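Single-letter residue listing:
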Amino acid sequence: MSDSQRPDADRIRTLLASEGDEIKENTRLFNAGRYDAVKDVGEDVHERNRTRAREIKEDAIERLPELIHQTRNAVEANGGTVYVADDAADANRYIAEVAEAKDAGSVVKSKSMTTEEIDLNEALEDGGLEVWETDLGEFVVQVAEESPSHIVGPSLHKSREEITELFEREFDPDEPLDSAQKLTAFAREFLGERIDDAEVGITGANFVMAESGSIALVTNEGNARKCASIPDTHVAVAGIEKIIPSVAELEPFAELISRSATGQEIPQYLSLLTPPVDTPTVDFDRPDEPGFGGGDGERDFHLVLIDNGRRAMRQDEDLRETLYCIRCGACANSCANFQSVGGHAFGGETYTGGIATGWEAGIEGNDVAEEFNDLCTGCSRCVNACPVKIDIPWINTVVRDRINRGKDPGFDDLLVDGLVPDEEESGTPLRKRFFGNFETVAKLGSATAPLSNAVASTGIARKAMESVLGVDARRDLPEFERTTLKDWAAERESRVADPDRRVALYPDVYTNYVQTERGKAAVRVLEALGCEVVVPDVGGSGRAPLSQGMIATAESKAEDAAASLLPYVEEGYDVVVVEPSDLAMFRREYEKLLDAGTQERLDEGSYEVLEYVFGLLENGADADALPAGDGHGVAYHSHCQQRTLGLETYTETVLDRLGYDVLTSDVECCGMAGSFGYKSEYYELSMDVGETLAEQFEPEADERTVVASGTSCMEQLDALLSPGTRHPVELLDPVRR
Amino acid sequence: MSEGRAATDPVAEFRQSLSDLDTPSTVVAPDELGAALEDVVETPAVGAELPFDDLSLADAPVTLDPSPAQLRAAASGVTGSRMGIASLGTVAVESRAEGDEVVGLYPSQHVAVIKASDIRADLADAFDWLRAEFEAGRRSFVLATGPSSTGDMGALVQGVHGPEAVHIVIVRDNE
Ligand code: SF4
Numbered sequence: 001m002s003d004s005q006r007p008d009a010d011r012i013r014t015l016l017a018s019e020g021d022e023i024k025e026n027t028r029l030f031n032a033g034r035y036d037a038v039k040d041v042g043e044d045v046h047e048r049n050r051t052r053a054r055e056i057k058e059d060a061i062e063r064l065p066e067l068i069h070q071t072r073n074a075v076e077a078n079g080g081t082v083y084v085a086d087d088a089a090d091a092n093r094y095i096a097e098v099a100e101a102k103d104a105g106s107v108v109k110s111k112s113m114t115t116e117e118i119d120l121n122e123a124l125e126d127g128g129l130e131v132w133e134t135d136l137g138e139f140v141v142q143v144a145e146e147s148p149s150h151i152v153g154p155s156l157h158k159s160r161e162e163i164t165e166l167f168e169r170e171f172d173p174d175e176p177l178d179s180a181q182k183l184t185a186f187a188r189e190f191l192g193e194r195i196d197d198a199e200v201g202i203t204g205a206n207f208v209m210a211e212s213g214s215i216a217l218v219t220n221e222g223n224a225r226k227c228a229s230i231p232d233t234h235v236a237v238a239g240i241e242k243i244i245p246s247v248a249e250l251e252p253f254a255e256l257i258s259r260s261a262t263g264q265e266i267p268q269y270l271s272l273l274t275p276p277v278d279t280p281t282v283d284f285d286r287p288d289e290p291g292f293g294g295g296d297g298e299r300d301f302h303l304v305l306i307d308n309g310r311r312a313m314r315q316d317e318d319l320r321e322t323l324y325c326i327r328c329g330a331c332a333n334s335c336a337n338f339q340s341v342g343g344h345a346f347g348g349e350t351y352t353g354g355i356a357t358g359w360e361a362g363i364e365g366n367d368v369a370e371e372f373n374d375l376c377t378g379c380s381r382c383v384n385a386c387p388v389k390i391d392i393p394w395i396n397t398v399v400r401d402r403i404n405r406g407k408d409p410g411f412d413d414l415l416v417d418g419l420v421p422d423e424e425e426s427g428t429p430l431r432k433r434f435f436g437n438f439e440t441v442a443k444l445g446s447a448t449a450p451l452s453n454a455v456a457s458t459g460i461a462r463k464a465m466e467s468v469l470g471v472d473a474r475r476d477l478p479e480f481e482r483t484t485l486k487d488w489a490a491e492r493e494s495r496v497a498d499p500d501r502r503v504a505l506y507p508d509v510y511t512n513y514v515q516t517e518r519g520k521a522a523v524r525v526l527e528a529l530g531c532e533v534v535v536p537d538v539g540g541s542g543r544a545p546l547s548q549g550m551i552a553t554a555e556s557k558a559e560d561a562a563a564s565l566l567p568y569v570e571e572g573y574d575v576v577v578v579e580p581s582d583l584a585m586f587r588r589e590y591e592k593l594l595d596a597g598t599q600e601r602l603d604e605g606s607y608e609v610l611e612y613v614f615g616l617l618e619n620g621a622d623a624d625a626l627p628a629g630d631g632h633g634v635a636y637h638s639h640c641q642q643r644t645l646g647l648e649t650y651t652e653t654v655l656d657r658l659g660y661d662v663l664t665s666d667v668e669c670c671g672m673a674g675s676f677g678y679k680s681e682y683y684e685l686s687m688d689v690g691e692t693l694a695e696q697f698e699p700e701a702d703e704r705t706v707v708a709s710g711t712s713c714m715e716q717l718d719a720l721l722s723p724g725t726r727h728p729v730e731l732l733d734p735v736r737r
Numbered sequence: 001m002s003e004g005r006a007a008t009d010p011v012a013e014f015r016q017s018l019s020d021l022d023t024p025s026t027v028v029a030p031d032e033l034g035a036a037l038e039d040v041v042e043t044p045a046v047g048a049e050l051p052f053d054d055l056s057l058a059d060a061p062v063t064l065d066p067s068p069a070q071l072r073a074a075a076s077g078v079t080g081s082r083m084g085i086a087s088l089g090t091v092a093v094e095s096r097a098e099g100d101e102v103v104g105l106y107p108s109q110h111v112a113v114i115k116a117s118d119i120r121a122d123l124a125d126a127f128d129w130l131r132a133e134f135e136a137g138r139r140s141f142v143l144a145t146g147p148s149s150t151g152d153m154g155a156l157v158q159g160v161h162g163p164e165a166v167h168i169v170i171v172r173d174n175e
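Read top to bottom, the protein sequences are chains F and W.
Under the working numbering, the first residue of the first sequence carries the number 1, and numbering increases by one thereafter.
Under the working numbering, the first residue of the second sequence carries the number 1, and numbering increases by one thereafter.
The hints are simulated quantities; they were obtained by calculation from the structure and are not laboratory data.
The following label-pair restraints were derived from C-beta to C-beta distances: (1) F:R28 to W:A69: 42 to 48 angstroms; (2) W:D39 to F:E25: 39 to 45 angstroms; (3) F:R28 to W:A58: 51 to 57 angstroms.
Chain F residues, not near chain W, derived (Cβ > 12 angstroms throughout): (4) E97; (5) E370; (6) R405; (7) E479; (8) E517; (9) S564; (10) E618; (11) N619; (12) G659; (13) D718; (14) G724.
Residues from chain F that keep clear of chain W, each with C-beta distances beyond 12 angstroms, as calculated: (15) E55; (16) V98; (17) E100; (18) T483; (19) D487; (20) R501; (21) G539; (22) Y568; (23) T598; (24) D661.
Owing to the predicted nature of the structure, the values given are computational and were not obtained by experimental measurement.
A virtual CB, placed ideally from N, CA and C, is assigned to each residue, including glycine.
The shape of chain F in the complex, shown without the other chains (with noise of 0.2 angstroms):
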């Protein structure tokens, strides 16, 4: 296995030395532009937007055939033509009949990632056409014959003086183009004319109405308005699902589309075009004639709607909701990932980031999601981002457990059957295994402990872990404590005479085996605010397993820790989780995993061990029993999934009373998250992501105490400053006062 992961490790460090500056610098200004436009709109707009926008999205698949009706219903009687292609060579060779009908030479384009998806303009060249991007983007990595390597800035890899040269040496100009403006002045002049002379302009759509025939484009560079008004024949490209009842409906996505990739309240030019279209055609082979040169053009329009694998996607539980996308690039810049090797790495044939791995398996197939598929840590972090509410982090899951199951299986399986107690089909790569059953292997670590340490530590076994199950070398290995958390709960008496709250702290894998040190703590914290402790005998939450893919294992662990927890719910405890990734599978991915009700039950009885704090002080808890801050400072990291469920401020919140000076992180992500940054070809790129973090805090480290909420944000923190990070709850034990 380790062999096929080499090219990945070797071209993962040449796009990060490539364009990984580039990348990150666009995309993180993408992003700190959305997160202040969203704040200038004001949240509640915004959510109240998006909560429309998912509803529109969600009925019109639901009534999709029926929209596809009305559509050519509509566009045939405003005198233009519908063609729903089955798949791309049945969309190409349909447009190439058009361009040949009106005898064209050439043709002109405005971005659309359909006509990527199809590939389009491949196929228009071997008929012989000549064709030319007008985005200027698009037109930068046409001439560089390259691929789009994000879904609105396909040239962001690129800086300005990478573009002067290729420029330079392709078009060999008068003058140096050495600035942004002589490069677009040059564009301009070299498209404009091919716009003026083409006889066809094609471009997307991003929203078509059924009721009316229209469709809306959304441009900063007015080239799309050109490219549907001048030619006299438009072609307008869209997958079905762009398909939205009316103009009434186009509101709220007005609102989001620009806002969510951009960070513009409105794009420069909406246009809402109803083709074919009043403006008179321009006649530049007649240039002295008044009247546009006659403006006596024939208008010829086409809407040609493509399948090509979405209503297969239609009847895909899991895959469905990717159908609601609408591209805006949002979920590739929040993905600090993304932000790191951008989408020659994060992408696949066509669609890059993190809903990429939606339409790949879509439109082209698993195996060509598999290439960048594990790129997607989980974090959620893009969930908040997306415009739709694309549960995003749980298409990329069920892709890969697709792509575990359509493995064949090998002798590694039949020896791994036989020793792991999970529910996975024979062919489930053994690394994945390893790593989703990382609770089998610490209670054997555990049990063994400190042997097991001292083994795992010595080169030999770190060789062999390298090579068998791609465990990098460079990292520290968690070290498993002999005393698990329950054993010492077990042996402990309770210190709460008479309990204001009942407790049952859950002993997630990491707290119960390797950070019990946290877990203890927030056993005393606890106990000082009132509350009865208890630590149930309860097994993982699925989340390992989940995390490689592996959804049969993580629903059995799912049932059986709701199983074990509930009747703790049921007699009136609370349960409290240390770990956020844990409380984040309660919360959210156990909707996909469990029965409705008993994922209600337990996500309204669970608590994030300083949500809970907090909710004990404001219910009156003495926030004297715990030792007090002092003025001390402390730098956080707060947990990714713990962000997107809104619960970090509770943290600071609690630590800032207790008399802490608090510094957040402000970046996406600690870059570890969960196995991630163990395995081999992803170390590098999970230390690259980990730097921006370290940057952050190392000016601070020698002042302030680092804390982490998560255990792979705090193994990451431990491996790029000095070791020494602990859980925000430590600091609140009153072992310390």
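With chain F held as given, fit chain W with the ligand onto it using these hints.
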């Protein structure tokens, strides 16, 4: 849109939004339109006759129904706009037989003439208007906000396939 602004008068808010976009604007009485355009328009200029019964470009320094060569050579293009959005500084330009779409797109300056009473508060109001227009059979508009721009060449540049500068002339309504 934001509450602080809601109370102010739409023309003032519209102009504020325009100035946030670095887009100059002028407010004139109906009978001053010709003179105002003289000031604002750079020649040679082309125009699409205004979509208003009581206002015309007949006296303005623009060529209506231009030839392709005139369109290409024009420094300014003048069109009307039947709807503006105060909170955004957006104008709606209709695709009509008069050629508004190309007149507003080719020259490096786009001058849009709008009536004060046609300014709507925000995008939600604009969509009410759009829905009514669609129902009335007028169904092709571009909502244009500021000049065209791109960041694809390594820095933000204005004026790509569309105008580099926009000037909005707001015509006060007859009292
Ligand atoms: S999945 Fe959501 S965030 Fe990602 S591109 Fe699609 S709409 Fe945008």
